[in-house]
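Colleague: Protein sequences, first through last, are from chains A and B. Just add 1 to wherever you are in the first sequence, counting from 1, and you've got my numbering. Just add 1 to wherever you are in the second sequence, counting from 1, and you've got my numbering.
Incorrect hints may appear among the rest.
In this list, chains with the same sequence are indistinguishable; a pair is considered to hold if it fits within one copy or across any two.
Stated by the list, open to error - Okay, derived cross-link-like pairs now, DSS-like style, lysine-lysine, Cα gap no bigger than 25 Å in a straight line:
1. 24 / 227
2. 52 / 24
3. 535 / 145
4. 52 / 5
For the record, the hints were derived by calculation from the structure and aren't laboratory data.
Number of protein chains: 2
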Amino acid sequence: MKKKVNVNALFLGPKSENYTFFKEMLNFLMDDHAAWRQDFHPDDAPIVTGKEQTQQDFLTTLQKTREALIELAGNLQIKSMPWFSPRYQGHMTTDTLMAANLGYMLTLLYNPNNCAYEGSPATTALEIEVGRQLAKLMGYDPQKAWGHITSGGTVANYESLWLARNLKSIPSALRAVMPGLVADLDEWQLMNLPTGKILDLAERAQCAGIFDEMRRQSVRGKGMAKQNLGKVLVPQSKHYSWTKAVDILGIGQENLIFVPVKDNYRMDITALKREIDRLVETRTPVLAVVAVFGTTEEGAVDEIHEIVRLRDCYEVQGVSFYLHIDAAYGGYARALFLDEDDRFLDYNKVSRQHAGQGILHHDTDWLTPEVYEAVKAMPEADSITVDPHKLGYIPYAAGAIVTRDRRIIDIISYFAAYVFEKTDDNPMLLGSYIMEGSKAGAAAAAVWMAHKVVPLNITGYGRIIGYSIEGAYRFYRSLIAAHPIRVGDKQFEVLPLTRPDINIVDYAFHELGNGSLDDMNRLNQSIYEQCSYKSGPVYGSDFITSKTALTREEYGATPQLFVKKFGIKEGDWERLGSVYVLRSCILTPYFTNNTTYEEYWQNFIKAMERAISRIGTSA
Amino acid sequence: MKKKVNVNALFLGPKSENYTFFKEMLNFLMDDHAAWRQDFHPDDAPIVTGKEQTQQDFLTTLQKTREALIELAGNLQIKSMPWFSPRYQGHMTTDTLMAANLGYMLTLLYNPNNCAYEGSPATTALEIEVGRQLAKLMGYDPQKAWGHITSGGTVANYESLWLARNLKSIPSALRAVMPGLVADLDEWQLMNLPTGKILDLAERAQCAGIFDEMRRQSVRGKGMAKQNLGKVLVPQSKHYSWTKAVDILGIGQENLIFVPVKDNYRMDITALKREIDRLVETRTPVLAVVAVFGTTEEGAVDEIHEIVRLRDCYEVQGVSFYLHIDAAYGGYARALFLDEDDRFLDYNKVSRQHAGQGILHHDTDWLTPEVYEAVKAMPEADSITVDPHKLGYIPYAAGAIVTRDRRIIDIISYFAAYVFEKTDDNPMLLGSYIMEGSKAGAAAAAVWMAHKVVPLNITGYGRIIGYSIEGAYRFYRSLIAAHPIRVGDKQFEVLPLTRPDINIVDYAFHELGNGSLDDMNRLNQSIYEQCSYKSGPVYGSDFITSKTALTREEYGATPQLFVKKFGIKEGDWERLGSVYVLRSCILTPYFTNNTTYEEYWQNFIKAMERAISRIGTSA
């Protein structure tokens with residue numbers, strides 16, 4: 002089999018274990034870049050002379066830079082989050098790949114701007130390549146798909162809804178400019194064409210030379226006034242970027258419908274169907290449905306296969322919608338399902354492969370058929386958000402969007418790209434095909450470096466993410482098996498919120514015998530405050546976590562099931578409508594090691610004991 | 002006086018002249034960061050062992066990283082643009098500040114995400130500080146203003162129009178939720194309240210506890226359907242992000258009006274007035290007017306003071322609009338007008354100060370009253386885009402937006418910020434107040450470092466940008482004074498498009514006696530192709546430039562004036578509607594040196610001779 006990556010050789014390490022290597026590379030890139038400058042027209046004389054470099058004001062300016070850097074360094078040391086350490090189990094971040102960091106640092110010195118090819122002859126090509134790699138990872142045909150880097154998942158989500166919105170308005174626009182093309186379709190049918198069909202029609206408009214006129218008649222030209230493009234459906238567990246998206250895009254927040262989630266925090270497909278039926282009944286179009294692959298708060302994976310099945314059923318009935326997957330967090334986990342030749346693995350082979358290659362222990366029992374089927378169904382979506390700066394282990398800022406059918410670019414492009422029929426003037430003029438303008442080529446280079454060193458399958462990313470899931474499951478099972486913590490004469494139990502779909506574990510502590518949700522919330526809030534920036538700089542902390550509040554406003558009745566497990570008295574949930582939980586995104590790959598894990602689990606328990614004791618004494 | 006910065010000590014240099022210093026700092030930051038990791042819980046054992054580090058698969062993985070970095074380095078060397086050299090006079094970029102690069106590289110290792118304070122306790126504060134500094138640079142009261150980093154000017158422009166759009170819908174929303182507040186205002190008056198008045202009303206809604214309900218009734222909640230918020234007016238010279246903005250925001254491209262520019266490529270204020278009068282006549286609101294400070298193609302500075310005056314006159318007549326300045330390119334040039342204590346200089350003192358401090362030569366005669374008044378009037382605008390990664394000499398990606406009145410944040414915020422009345426849960430939760438979500442804290446740190454070393458007044462940025470304007474004016478005057486270039490028996494003249502408002506110089510070559518615009522366009526296109534990536538990697542090029550085509554479609558009849566200067570025959574402009582010009586953004590600070598400038602001017606003329614000769618022989 003192909004060489005699997007050694008995960009411990011990928012990161013600088015919690016104790017800077019790979020310092021020598023990293024520094025060697027850093028010096029290489031600096032020297033290499035400096036030589037590049039010197040060798041450009043070697044006959045050009047230096048502009049800054051040795052004599053000037055010894056002058057007082059020259060030295061003073063250098064000293065200002067030195068002092069500013071030292072001040073910044075001190076500031077960062079005191080206040081930064083030590084994500085590199087397994088003691089940090091908070092937000093969706095951990096150490097980043099040395100390859101990505103070095104790629105970013107080297108490219109920063111060349112400072113390319115991927116907005117226009119002319120500003121980035123080297124890195125625009127890398128971004129196009131990375132886009133194809135991500136499309137392939139998502140199961141798309143890289144020859145037909147399209148993908149690019151964004152500044153983050155939020156912007157990628159905006160772009161997807163921008164695509165969906167403009168696309169939805171194309172059929173009606175065609176009726177205005179080329180009525181013959183859609184003569185047999187009534188208003189409702191025009192609003193319910195599948196994405197592929199709309200793009201086929203748009204292509205015919207292009208052949209007929211009326212593409213720009215069609216775009217002018219679409220929402221792009223006409224605006225949202227007088228348009229009723231329908232509703233956007235997202236699960237309750239959605240990221241708040243969706244609420245911002247419908248505002249920005251002029252759709253309006255009242256046209257965003259939150260679909261209830263089940264007790265596992267996955268979208269309730271029955272509820273989704275009920276919503277769509279209700280809309281169809283009133284002849285309200287569904288602009289888009291968004292599924293989430295790895296919710297921000299719970300790491301839940303929506304049952305994408307069921308949504309796809311639903312969409313297919315509706316299409317038979319003449320109802321269709323754009324399907325986007327917000328896999329900003331979880332997207333890279335698809336690498337766990339691709340074998341060393343990037344082929345999608347059969348269900349019965351996945352766990353065996355993971356165990357056989359030492360990616361996940363045999364008894365971890367992580368994979369469920371639902372998660373497998375959801376992952377498998379991803380390429381049925383029209384577009385997917387997937388962030389390199391989350392499970393891609395890339396430094397900020399690098400999100401990405403991939404779309405199944407690259408013809409969709411011209412629904413939003415400024416210059417009509419006609420799918421890269423490159424004209425003289427715009428070879429890969431990214432800024433005109435995407436939402437953003439100027440963008441760091443260094444981010445694309447960082448992702449390219451990472452993908453070069455860490456293959457997007459089980460030999461690379463699958464291994465890193467597998468280790469992190471292994472760690473999450475160890476933590477999850479330890480929480481279940483944990484004995485109550487004794488503090489004085491009190492005992493405190495801990496329960497996980499739900500079985501993790503990937504590597505986020507939510508949990509809450511509770512004093513045995515206590516029936517008050519107020520008290521329980523206060524307990525967990527107090528633990529959080531002691532294990533976060535709330536108690537001051539965290540550099541001295543033993544354990545750092547994040548938290549979330551699951552509220553009725555956002556989640557309906559779902560969190561009540563969790564509350565009930567603790568024997569909270571009737572009425573408390575109804576009254577408070579919020580349960581406070583601790584949230585650990587286990588991105589660290591180091592918990593796959595038995596010794597390391599055991600050490601950190603003991604550390605966790607001791608930290609919790611200390612935190613709870615302190616509450617007791619301060620109360 | 003306070004210590005002025007030594008510009009030559011700020012950059013790595015065209016020949017890596019400051020290599021020793023930069024490398025020393027790079028090693029410092031690496032060691033400092035590595036120690037930070039090691040010192041966090043010194044008793045935690047290393048996870049990666051020395052033994053493992055000698056294993057074959059570990060070494061193989063390191064080697065993969067090394068090889069990928071070498072491949073990337075080679076790729077960058079061959080294809081990147083050598084902006085560091087004064088031979089590069091193309092796009093809006095040159096060498097970047099060492100302070101900024103070092104700040105970025107150091108902070109990248111800490112990988113903060115400024116979306117949420119919890120992910121960036123160090124760098125969120127730096128971003129807030131930088132926002133205040135930029136607000137102050139723009140002449141705003143930093144205590145009342147608000148600013149933050151964006152991924153670029155494009156996104157900053159979107160955010161400004163998002164603010165303007167939502168704001169415009171607030172008065173009507175108030176009529177729905179708190180009719181008493183606006184009882185005496187009719188529909189037209191509601192659509193014509195000045196920004197400050199709308200924010201006062203919104204504040205009263207907040208006190209009355211109906212702020213969220215008001216937001217729900219605004220376009221944020223209701224969407225753009227059924228709304229008529231009016232037109233957006235931008236000069237013809239605008240950046241294409243404005244065309245994208247009205248699409249994205251659901252305003253529609255047909256509601257974007259292009260105001261003609263004068264022969265100096267500044268917005269024609271008479272034409273602007275004519276447009277507004279026409280709109281007022283048909284009771285169409287003006288959603289926003291955008292002025293440009295430093296157009297992308299010509300570096301033109303719109304007469305902001307005249308637009309402000311016009312707005313004030315209209316307000317007397319009950320007509321108002323949001324005013325945004327797109328100073329993405331030119332914004333930092335305002336530093337030329339602030340004395341060493343950041344006080345805005347009187348007109349009669351500016352040139353004297355510049356000459357006295359050696360920022361601009363006495364006979365450069367750059368500053369015009371129009372540019373001065375435009376700069377002075379900037380703080381009268383509601384918001385301003387200003388990009389650190391342009392005239393801030395910061396690496397990509399760092400744009401910024403500043404707004405005059407921070408109360409405006411809550412018109413778009415997700416969590417109502419109530420202007421930083423910080424609640425427990427959202428201390429500076431940037432992601433909920435701005436358009437973007439995840440964002441690199443490293444970008445904020447880079448800008449912070451730059452501002453720390455280079456003051457935002459004539460002792461710092463004023464000096465660098467002054468040098469660059471000095472260079473642009475030398476180039477401009479050399480073009481005017483240039484003798485025709487002889488190639489064989491032909492002679493070629495060169496003329497600049499217009500007197501530069503800042504530091505962009507457009508110009509075109511023309512064969513003496515030739516009356517064909519086709520021929521002239523081909524000549525300049527061919528020169529461009531030889532002096533750009535079009536002729537292959539530019540590492541061997543003598544001179545690199547960019548180009549632009551001034552078309553009738555975008556600029557109306559304005560470019561014809563330039564065409565006429567060459568004696569082009571009647572009818573050619575009418576037929577072609579496009580003139581091809583070379584465009585040099587002179588950001589390099591090194592042309593202030595007589596010897597350097599002369600050398601590069603000679604180099605330019607020789608490069609042009611060679612380029613034109615080659616055309617002759619290949620034709």
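Colleague: Against this structure, judge whether each hint is valid.
Modeller: Hints, verified against the model:
In this assembly of identical chains, the alpha carbons of residue 24 and residue 227 never lie at most 25 Å apart, being 60 Å within a copy and 60 Å across copies at closest. For the identical chains of this complex, residue 52 and residue 24 are inter-copy neighbours only, at 20 Å across copies versus 31 Å inside a copy, given an alpha-carbon limit of 25 Å. Taking CA atoms no more than 25 Å apart as the test, residue 535 paired with residue 145 passes in neither setting, with 49 Å inside one copy and 27 Å between copies. Proximity of residue 52 and residue 5 under a CA criterion of 25 Å is satisfied inter-copy only: 19 Å between copies versus 53 Å inside one chain copy.
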